[in-house]
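Chains as they are written, first to last, in this note's numbering: chain A, 1 to 258; chain B, 259 to 604.
Read the hints as simulated data drawn from the structure, not as lab findings. Every residue, glycine too, gets a C-beta built ideally from N, C-alpha and C. Among the hints, erroneous ones may be present.
[What the hints assert, rightly or not] Ranges between beta-carbon positions, derived for each pair: (1) B:V589 to A:G113: 30 to 38 Å; (2) A:G145 to B:T416: 20 to 28 Å; (3) B:A285 to A:G113: 22 to 30 Å; (4) B:T423 to A:G111: 37 to 45 Å; (5) B:R503 to A:R88: 21 to 29 Å; (6) A:G111 to B:V281: 44 to 52 Å; (7) A:R68 to B:W479: 20 to 28 Å.
[Said to hold, decoys possible] Over the 10 Å line for every Cβ pair with chain A, so calculated as not near, a few chain B residues: (8) L275; (9) P327; (10) A389; (11) A420; (12) V422; (13) A442; (14) A464; (15) I478; (16) A488; (17) S496; (18) V497; (19) V499; (20) V501; (21) P543; (22) D544; (23) F587.
Now for the letters of each chain:
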Amino acid sequence: MVPTGVLALADVTFGYDARAVVRGVSLTVARGELVALVGPNGAGKTTVARLAAGLVPPRTGTARIDGRDPATTARREVAQRLAYLPQRYELAFPFTALEVVMMGRYARQRGPGLDSAADEAAARAALARCDVAGLAERRFDALSGGERRRIVLAQALCQGAEAIILDEPTAALDPAHAIAVAQALADERGRGAAVLIVTHDLDLAARYADRIVAMADGAVVADAAPAAVLADPRVQAAFGVTLHVGALPGGERFVVAR
Amino acid sequence: MSFVSGGARLTRARWSLYLSVGVIGLAVILLLAPLVGPGAHGRGVALMSPRAVWGDGIDATIFWHVRLPRTLAAALVGAALAAAGCAFQAVLRNPLAEPFTLGVSSGASLAAVIAIRLGVASVAGTAGVGAAAVIGAVAAVALVWQLGRVGATLPPATLVLAGVTVSMFCGAAALVVQATADFAEMSRMLRWMMGGLEWTQLATVARALPPLVLGAAVLIWLGRDLNALAAGPEAAASVGVAVGRTQTLAFAAASLLVGTSIAIAGPIGFVGLIVPHALRATVGPDHRVLVPMSLLGGAALVVGCDTIARVLGQLPVGVVTALAGGPFFLVLLVRGKRGSALWRSE
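Could you put together the complete structure from these sequences and hints?
Printed below as a string of structure tokens:
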């Protein structure tokens, strides 16, 4: 069966050597949908994100990005449709923040030339959206962890793709910036993008996601609306805690783990 | 941020400024270098009169038949080694990667030493030994790559480790071959290992030009891809780089450059380390300017070192670059120890 949705995994298995890290995972993200992938450490979330981004081929099952098989599609074509933000991003050379963001324009450029004014405008707009416009001229490797995170996020946004996969986009961010980033991703969903985030921040997942997919031990244990997933005893068992979901007077949900 | 490294990105104005300075600087060095030589009785420095170059005296002969080919060869070798170092560093994400540390030079030297021992020099001349060196360089790169890669990726740590291993093995094997050689072969081998441009002819320079132009053109073409690789293969693939193809092309082009330059001058160390490093601090890390500037800067450095070598009394140029490069390498090592992201394995 060929799955539908901009991002689609169908019955995917993956492992290193004999050990299966991902077992029979199916997952779709449609246009205009924000899905949060949660689960305890070592559940296989990052591997699923990389499989969905076509960065590793599944052992069995199928992965599709906008209906295409990433294994047989040119990487440039994939990147025009999908931006992927890895968990760790380290540069070997001292590029400036603006240069890092402009690398996101690669798939829209041709040949060995310099970047155009349009590329720079797109990059500066993305920096502004992530509240790091003032850091454009600074060396990337001299910035704090949270600032770097937002600059790499700006790179992903500046790619202008219809699907975005982010591996822990709010890790290392202070609460204000975590909310701002979640809002930026909600805006991306608003303009019709398919957004998949891997996160440990259950509050943000409960507030911003349309669906939560919970994983444990390489398999999906729940895939439903946030309230249903967080109340699911299998999910609570996987995390090894009791999750209490409350609501603020405005209706916004919050999660307390005990 | 200083003027030279200033600006948030590489603009056309900055690119043009750097390239103009580079081209003019190299042109001046290329015009002056062949006029400089040792003074009377081998003491001091003597500057040949430009007018004498157009006469028919001994000065004109020295200029056209000895110093000009030597200077041009030095320029080509320097350009090739610096650009290759730049490419190796970008692909391996390691500022210490260069033909010497990757074992490429040792592989080439071993092949050359074996060729000399087997009598290739007396059958096919220096060109035969040079061809053997190119084969040795390419074989060493292929071996180091196979040893160092993990799946489709090339972690810098394993690759440099593989480079050191191959380098040490080739070095030891070359010594074994040397031990079995007679005196004449031994002195020829020694000259190879030291690197030198003393006997270069214009025909050698002309023969080396096409592969060098090809290798340089490929690396210039890959500038944007090499930039994206700075964040690692996965991040580069995420923005659209065909990582495997880029790595293969960059390795092939860099090996071609190194092999050809070794065929001209023997192994010359540290140029591929010093030049990209110094330029990165000056013109920034963007490979669209760093690769062409490394070509120009490498040419200028080796022409300069070769001129010094000539004035000091016909030393091989490899000795001068190694004397300059050793301390430079140490400075990098000490700085790296003080904690930089560059030194982590990922």
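Here's how the hints hold up against the structure:
no., hint, result
1, B:V589 to A:G113: 30 to 38 Å, "35 Å, holds"
2, A:G145 to B:T416: 20 to 28 Å, "27 Å, holds"
3, B:A285 to A:G113: 22 to 30 Å, "25 Å, holds"
4, B:T423 to A:G111: 37 to 45 Å, "38 Å, holds"
5, B:R503 to A:R88: 21 to 29 Å, "24 Å, holds"
6, A:G111 to B:V281: 44 to 52 Å, "22 Å, violated"
7, A:R68 to B:W479: 20 to 28 Å, "27 Å, holds"
8, L275, "13 Å, holds"
9, P327, "32 Å, holds"
10, A389, "31 Å, holds"
11, A420, "18 Å, holds"
12, V422, "19 Å, holds"
13, A442, "46 Å, holds"
14, A464, "27 Å, holds"
15, I478, "6 Å, violated"
16, A488, "5 Å, violated"
17, S496, "4 Å, violated"
18, V497, "4 Å, violated"
19, V499, "6 Å, violated"
20, V501, "7 Å, violated"
21, P543, "4 Å, violated"
22, D544, "7 Å, violated"
23, F587, "18 Å, holds"
This entry does not satisfy hints 6, 15, 16, 17, 18, 19, 20, 21, 22, going by the numbered hints stated previously.
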